[in-house]
Amino acid sequence: MASISLLGKTFVADSLLHKLNSSVKLVAAIILMVLSLMSQHPLILLLMSLVTLALIKLSKLPFSLVMRSIKPVIFIIIFAFVVHVLSGQGEAIVSFWIINISLEGIVTGALTALRITLLVINTSLFLTLTTPPTELAHGVESLLSPLRHLHFPVHEFAMMMSIALRFVPTLLEEAGKLMKAQSSRGASYDTGNIFKKLRGMVSILVPLFVSSFRRAEDLATAMEARCYQGEVGRTRRKSKPLTWREYSLLGFLAVLLVVVIVIQPRLPQVNWFSL
Amino acid sequence: MDPILEFDRVSFYYDTDADRLPTVNNVSFSLPRGQHLAILGANGSGKSTLARLMNALLLPDAGTVSVAGMDTADENSVYEIRRQCGMVFQNPDNQIVESTVALDVAFGPSNLAVEAEEIEERVEEALALTGLTALRDRAPHELSGGQKQKLAIAGVLAMHPSCIVLDEATSMLDPLSRAELMQLIIKLRDEEGLSVVQITHYMEEALQADYVLLLSEGSIVRGGSPEEIFSRPDELRELKLEVPPFIEITQNIDRIFRKDLAAAAIIDVDEAARHVNQVLHDARAKKYPEEILQDELLGLETLSDTEQGRHQHADELVIEVNDLSFTYDENPLQKVRALDKLSMQSKRGEILGIVGASGSGKSTFAQHLNGLIRPEEKGKVKVFSLDLSDKKNVRQIRRMVGLLFQYPEDQLFEETVALDLAFGPKEMKFSHAELTENVERAAAITAVSHLMDRSPFELSGGEQRRVAIAGVLALNPEILIMDEPSAGLDPQGREAILKDLDELAEAGKTVILISHDMESVARIADRLMIMSEGRMLAIDTPEKIFSTEKLLVDADLNVPTTVKYLNLLRKNWPQLKTNIFTADQGLAAILISYLQATGEEANG
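Taken in order, these protein sequences are the chains called A and B. Quick note, the first sequence lines up with residues 1 to 275 if you use the numbering used here. Quick note, the second sequence lines up with residues 1 to 604 if you use the numbering used here.
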């Protein structure tokens, strides 16, 4: 359970990152995602790593805490690395049976792993770790608001998302408790074959579903009792005004985009094999 | 002025089947502004339905409900009714909509289209009234149960209501948070002039109301001041409710010594103790005939003997814990030292109550006893001489130590009760014969044999809890650990569980009960272990523990009112025993100490 315990949890600190307007944060997260994926050249990746480190510093969150956000995807990162290493491109330095391991494979594998790591850290830094779910939903609502003209239920969508995110820690806690409770009855979730494990999950998922339905019903009643009637006649929450912080962040990201799109292709290729 | 709330011959049917009784049956009452009404009733008496009729969440099938003069059936006034009559529900987790405290308080006023600036003012005001200002940016999952309920109240206050309905709002809280919430409600009533409707099965909460309604099978059986209502203990018991023992003891003392049955009970502990003291002193001065008291005692003795008989236990040690410490470090921002160098032992066949405030480490400790958490640092845990530091022993120990968490009914998942009971034995690879035998025995102990073919999801709360206990007993454990055995059950459901556990100990099993509520476990426990901030403050018999109220106060625990009452009396009657929980035991103890005192006087 510990590996996903960070999901949906926001850590409050008084930092530049926490203060940003949530729509801008969403846009920034998307741009950073694109940037991480487009970074190919080692120099650019170095630059992106430095940017990420600076952002972590700006968030005032402990480094170890931020690094924990890659735990749930660590398997994917390792997998990407291994696939590249085994891809057999380039000149083999070690080879046995049908496997050729090349320096080139190791390097591209490492770079890919770094790219995914940066992507995950940046998104969780901007979205989950420093933005409360309601803020996030509010950001989505303002970004999607043009869709209102197409009769898309923007408010309801954002409200659903916000409630779902708000309940993630509650449900995780409950799942952890259920796992312990069923373990006390002799269930084991880490041994046995896949079928046994799946059967074991039933003993957690069924009660979790039952209680989620109950929670949903209770919550709907509670919302009704507090006069909720959808978007109609509801006070719109004010967005945080855009200040120099948002503009400088967006400006900086624009510069980075230019660097990656325009300058990256012109950088001389590094020839790893002459090192 | 209009009454704030008025029910006029209201009936409500969930099921329109002609044979079924209505859930709410011809209920009429009216609540003047600023008054405090308590509605008492056992589970299934229609209390919650009644609450939902108060703010148009449900509409009556017959009769009218009006809030501040507005008919709830009038569609145009629905939102004004809900604004005026705010509601706090039972489950603290399921009524928080937004992801921070301040935002959630703003949810109600936002729905009412209040101006943004004013919402901010109202949020600050509501947070200040409920004492949550310092927590304004916290996420819901970072709050305690009591704080969540205060947040729910703040959310109601921000809508500027004139009435607040609490639907069993304290039933999932620990006694200390419960008392705090009650204080808050009384403050809002007295200082803000808020009308209060409180639906509860805690009698002590009803004592603070202006008026009490007794509800049974959807009808109002009686209404009156708390003094009137609690002067009829037999009627309350018939409705599956209870009377706080000190009230009944005081009444019985009056009955015996003064031959008069007051129509109004004394509902204040201090006053009741003073009164009894006076009556006893008068009786001593007038040399009240002792034979009458002996006769009274005869009627009580047999009862108190069986109830007080604690369990015989052998000298065999089943649990040995030495120097156990544990720190939660999942969140590097706040490490929590949950256990600090704890050592204790437990013997076969005893009932040990582990009592401590929320966050005192009781639950962490319990999870060490069946290896869900393994000992860290220098700590040692041995169960039946098997060392839990050795991973190989874990599975064997799990089979011998059954552990039930709080609200264990949440873990039921199979299609039928029988299948659910068989889950553990199957996982533990019991043979078919062994499985059948153990499941049947477990069902018999917890009296659920007649429910075997039913789905666990269609049972009552009390039945579900018993099925969950049976699910663990089906592994035939030597030790049963249970967290908050009676939480959320009404008095009748609670008694049934305590009886099962008592029988289990009599059959030679060791039972460990964990609770933040003294009263719920102390009655059947042989020994109590008091925990505070990860440490053990004391482990001793209930009698010794209760004789020093300071210990309980230091551990942030509630002193049961019966104990408080008897300790007050003990100042004048030093022989009085205080480890007493029922009215009969208490009456017997007082009579005995009176006879001892007069006896000594005669001899000396």
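Keep in mind the hints are simulated off the structure, nothing from the lab. Heads up, the beta-carbon is just placed ideally off N, CA and C, and yes, glycines get one too. Take these hints with a grain of salt, some might be off.
Incomplete in silico selection of chain A near chain B, CB under 10 Å [said to hold, decoys possible]:
(1) A80
(2) N100
(3) R148
(4) P153
(5) V154
(6) L165
(7) S184
(8) I194
(9) K197
(10) R226
(11) R266
(12) P268
The list that follows gives simulated cross-link-like pairs (lysine-lysine, DSS-like), each with its CA atoms no further than 30 Å apart [claimed, not checked]:
(13) A:K71 - B:K391
(14) A:K180 - B:K341
(15) A:K177 - B:K499
(16) A:K71 - B:K499
Quick rundown of the hints versus the structure:
no.: 1; hint: A80; result: violated (27 Å)
no.: 2; hint: N100; result: violated (40 Å)
no.: 3; hint: R148; result: violated (18 Å)
no.: 4; hint: P153; result: violated (17 Å)
no.: 5; hint: V154; result: violated (16 Å)
no.: 6; hint: L165; result: holds (7 Å)
no.: 7; hint: S184; result: holds (4 Å)
no.: 8; hint: I194; result: violated (16 Å)
no.: 9; hint: K197; result: violated (12 Å)
no.: 10; hint: R226; result: holds (4 Å)
no.: 11; hint: R266; result: violated (43 Å)
no.: 12; hint: P268; result: violated (42 Å)
no.: 13; hint: A:K71 - B:K391; result: holds (26 Å)
no.: 14; hint: A:K180 - B:K341; result: holds (24 Å)
no.: 15; hint: A:K177 - B:K499; result: holds (26 Å)
no.: 16; hint: A:K71 - B:K499; result: violated (47 Å)
When the structure is compared with the earlier hints, violations turn up for hints 1, 2, 3, 4, 5, 8, 9, 11, 12 and 16 and for no others.
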